[in-house]
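Please take these sequences and the hints and turn them into a complete structure.
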Amino acid sequence: MKKLLTMFSLFLIAGALTFAQTVQITGTVTSSEDGLPLPGVAVTVVGTTIGVSTDMNGRYTLNVPVTATTLQFKFLGMITVDVPIEGRNVINVQMAEDRQALGEVIVLGYSTRGKNQITGSTVQLSAEELKQVPVTSIDQTLQGKVAGLVINTTSGTPGSEQQIRIRGVSSFSATNDPLLVIDGVPVIDANTSSSGAFSSLTTLAAINSNDIESITVLKDASATSAYGARGSNGVIVITTVKGKEGKTRYNFNASYGFQNKATEGRKELTAADRHMLWLEGIINTYGEANGFSTPEQAWTFAAANNLTGYGGVVGYRAWDEAGRPEGDWGNAVLNKNAPIYNINLSASGGEDGSSFYASLGYNNTESVVIGNLFERITGVVNVNRKLNDRMRFNTNNTISYTNQDQIFLETSAYFGNPHTLRYFMPPTFGPYNDDGSYNITRMGSLFNILYLQENNENWNHMTRGLTNNSFEWEIIDNLRFKTLVSMDFVHGHYKDYRNRIHGDSRDENGTSWATMTTRFNMVTQNSLDYRLTVNDHTVDFKALTEFQKYKYWYIDAYGESFITDGLTNVSSAGTNFDASSSFSDWAQLSYLGMANYNYQGKYIADFTFRREGSSRFPAANRFGNFWSIGAAWNMAQENFLSGVSFIDNLRLRASYGVSGNSGVSLNSYQALLSFTGDYAGQGASAPSGYGNPLLTWEKNRNYDIGIDFTLFNSRVDGSVAYFNKETFDLLQNVPLTLTSGHSSVTSNVGRMVNTGIEAIVDIGIIRTSKFNLGINFNVATLNNEVTELAKDGEGNYIRATSSSTRTIEVGHTYMEWYVQEWAGVDTETGLPTWYIDRSVNDDVTFTYTQAKRNYLGKSAIPTLTGGAGIKADFMGVYFNANFYYAGGHMVWEDWTGYFWDNGLYATSAYQGVELLLERWQKPGDGGPNARIPKIQHAYRPNQSNANSTRFMFDGDYIRLKDLVLGYNLPSSLLSRVKLSNASVYMRGTNLWTFAFDEELRKGFDPETGADGFTGLETPPIKSLVFGLNVNF
Amino acid sequence: MKKTIYILFTIVLLAGVLSSCSKDVLEPTLAQAKAVEGSLNTVEDVKGILYGAYNRMTSSNYYGRDYIIHGEIRGDNCFSNGNSGRFVTESKMIYTNTFGGFWGTIYGVIASANIVIGLDPAAIDGDAALLNHYIGQAYAIRAMAHFDLLRYYGQMHTGGTLGIPYIKEYKGDDFAPARDTWVNNKADIYADIADAISLMTPTLDDASKELFTHYAAHALKSRVALYFGDWDDAIAGATAVIGANRYSIIEGADYANSFLVDGAANSIFELAFSSVDNANINGLQYIYRGPSYGDVEPLMDLVNCFDAGDVRVAPNMIGPDPGVAIRPYVNIGKYPSYDYSDNVPVLRYEEVILNYAEALWRKNPGDANALTQLNLITAKRNAVAHATINEDIILLERRRELCFEGMRFHDLMRTGRDLPVVDAFKQTHGGPEYGDFKLAFPIPLAELNANPNMEQNTGY
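Just so you know, the sequences run in chain order A and B. Using this note's numbering, read the first sequence as starting at 1 and increasing by one per residue. Using this note's numbering, read the second sequence as starting at 1 and increasing by one per residue.
Check each hint, because a few of them may be wrong.
Simulated coverage check for chain A against chain B, where a stretch passes if three residues somewhere in it have a Cβ under 8 Å from a Cβ of chain B [as the list claims (entries may be wrong)]:
id	region
1	503–513
2	573–584
3	613–621
Hint data in this document are derived by calculation from the structure and do not stem from the laboratory. Idealized CB from N, CA, C, for every residue including glycine.
In structure tokens, the structure reads:
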């Protein structure tokens, strides 16, 4: 029968050729995205079987009958185009990507599905949203783009770790970081810096964002349960760029820009103001009893009594004699308009089912702190080779070298922290002597960071090699076998040399410490995929085994006492040599089964089961089972909706399942004798862990219901989802009586619920060939409650933390603020007051210890986050802007006990901030909203600096995350210089920030670490970058 | 057919991969630690645990710093200048139950000692006498650790009867031990010291003085007995130490140096620190001087309590801070080394002599030997010999000899005194009267949370 038809066709064609006249039509087919030629496009004459494919250059030549009216261009993943011939001989066509079919392929890590085929809750960002963003680690690009994902910038120092929380916090003591997957494989996600006091360096900084094709964030059980015991904090799936078949195409992009602190930070006092406040404190404290009231008299009194010595009389006299200079330490440590530049060159191409992608990238980011620099070189080679019709080999390789130079102490108020310097160094002298040399005369405890940054040597070097190799074999039709071996190797080298002249190691005559860390992660996967199709029913099965082994080696050396400057290695040290080494490892073995059922694309069902064993748990309960079910209904494909023209797509989805968290400290189930101690030169052992033979995974039960919609001819696209995530068997350090010699035993006792609604919508307001305008919004709510904790001997729940500001308690938000409440400054006396117990009444007290701690109903976790964006293009000019909002939480301005001190910390020993000028001065000042009591000549007078809501603010803020203005050069111009497309752009990051609370606006950056404390780390950065992107 | 072969081949391949991943691969490596079970078989293993107990005593939370500093700032010897913010609250004696104190650390020492004490000696390979010597040290450590806890947490000076839980077993059955009376604690301490003395053979005593010895246990006995007013026991302990002829009062010319060298002639027991094994910036050296911390400074009342020419107030003992020009008097001579390497004296011969002198006088105020013993000290310090003896004079001499070593608070307590206010500006504790609840630390909240039988001290 088939043969007959073929013969018949031949006959027809022959007839046509013989009898009909033909005309020749030629042309080129290009992609509307990048202007590059599209090879392999099927060009047919509508109504006939006449057709050809385009060649490597996208060109075609076709003889068509004169009677023909229309040509059809068809290519997988592109929108099919019908073009009327209208008598032309040259027909050039641009084809656009079919987002419905191709653009919305969601990478889930173990599998890849069309957007309509998934049942889980995921958000995927494409390359265009990731590239050209001037960040040193790609996770920073996610902020404001993914509903329900919150990033806390722990430090703006380039290369630093970020804290990512997906759908809130779901563990007390195990990790809350999402699992990081690159090209289907869990990879190393660590800080390679060996000192927790210095800047951190994340392994993610080794990846160049230009080499990323997409990032998918998996949020619910249906999407994450495939990752079993590590999925409960969500999964971030990164896919690297792969080669595309066709003529080799090149991309070059370069950018150059400037960075500054996103917000100024609180302003410190001038020396003159500080002096004035100090004298005022003396009057307030001693004036009445000694009969004086003017600043002049106060000075005489202070001099007579040598008040506060060097910080006071001696220091101010020297300041006066030097002509009352203003030491501007805050600006001295800044590297203003710190340059950042980026250069990337990549090539991609291939033929006959094989393709490659190669790239070379260089990033150089100076920090806003003097001396500090981040540098990265990356090289990538990805090759996909067809071995024969059924076999395929794929290898992805990234090598990178990262140098984080002149890092500094920053995670606390260290005397060597440049950010500490601004708020602690007395302004009565500056960083330089009259002759221009550094002022390194000891003054109190702080150090001249300018000198340290020049004479110390502190850096992190990281070399990372990531190779991912797979072999695929289609054994029979629809049955595929794949084996994959991935290795991730991170070598970290850290050095901390402190000079002998000035700084922390002066007493030791200089110190040098160097560490080397090696992390090795190997993953092997073997899988079978089978597709079963029976009529309209399709089921995709997957069976997979995965084994992961992680090893960590550490070695360090230390020495003291240098007799010369400039030689900074341990080999030049003279004494007190010390060295150490250690090793640890873990392993994970998993069996995964997945089935995805699909009926006519209308009804989708998902089943996932994973059995997983981890070396972190005792042998008896080493293995655990994780699973999920999910379902989706593509309603738009039902007949009853086919008549509703404004609905393009409408689907309901729901999922339920259990995933886990194995991020438990190593060996914590074992009762151990530690041999790390020593005494009198001999090794010593001590019981280190109490041990819990019942230790097991933290788990979470997660359900998720959502609706996805595309309306009005794709003008409106969005989704709304509700989730409920209950984590249980939470690990809590259950306190043991300290008389046992142990403080706690880790047990699976806690329970916590996170619920929320997430919505995203994308609206195309104007869509014409010349002008497009669209807006988008995303919003997420988060509600957290702790529902179960360990109980004490009397059956009462035990608070899971002894923090003096926050606590974990049943019925409250995780780490809800729990603190004494500030009642302002007494208008009569100028003394601090606190509410005794505001849950009862508004009575106030002058005595701090009488004030009771109360819950504030808020934690440091935002309960409402969202993003809003606008996107426009006109005649090649494009513009977009994205705002980020976070709110519903409270933040704490840290270290304020010092620089808000209405006593000697601010006016004598260290330095204060301008807020102190709003102090109480006379009866009638102050009031319940005042934060600064009267200035006194005492340390921490009246305990005004004890923990209370005095230092707290509502954390709500809005930030302009991105602002992009660019221009795509017209192709008419480009074709002359043989470029396929080119664009220039300007991109601003964090250009504008607005905190809702007026006082917070004058203070530190509202984007705090996940704990809600503004620290003395490098604040978030704003940058303005100019770039050029060329394809040829 | 070919297809079938392929499929079979794949299945075999997969099965191979799966079976190679047997469950053994999930056994974690222990590279820095050993499982407790099966790790204590020889005398060497026991020594490791014992040294672990000593190591815990060197914690900066215990003899590494805090235990000693509290004995100085709760009184009239020192105050905190707040330079680094350390010991500011402690100097005010404002404690809440979130103050952890030494509770956990010292019970950690006790846990290590109890592992040694709880071993079945018959199951340990090695020299039995040496094993007993180790077990004896563990008893001495256990006694001293409980005594140190009791002095800060017991209600001896706040009008109560409660002491502390006396723990005699590691991982015992009682998960919520209640506080015993301090009277019973005293009996347990004496019993442990007696066991220590009988188990330790003088010939096996370590010459380094960095370990507890037979005579160190006697010295401890004299300290404990003096504290509780058991004069006969104090005399017996001191006499045993003096009779050993192993120790001597350090000569005045060697006084400063005796704190610099390890195992000086006057040292009975000291904790080992070295240039590579020390408390670093969290140690005594850093808190007593230097620009970064140097928070704990002597009060002028202490500086002025010496006779002119006394070697103990010479500039190499109490003098200007070399790091900070504005501190004319800081502790220079004790814990002097900038590399934090000095051993920390715990029991010194001079203290034993002072204990002896006092016990003799207390027992019989007419005993002339009391004054003779007391003046053995002044004679070697270039100080004026005392003409008479009374409680004030004894305390003065102890203050001069033992300042900065954490003894002052306990001397004031055991003699029933209020905390003296000698500088109202610098001393922020306000001089609590004897009996004030602040004289005992609060039981830490962490303990109360975990232990329903634990009773808090009054006032907290």
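| request: If any of the earlier hints don't hold here, list their numbers in rising order. | output: Going through the list in order, the structure violates no hint and respects every one.
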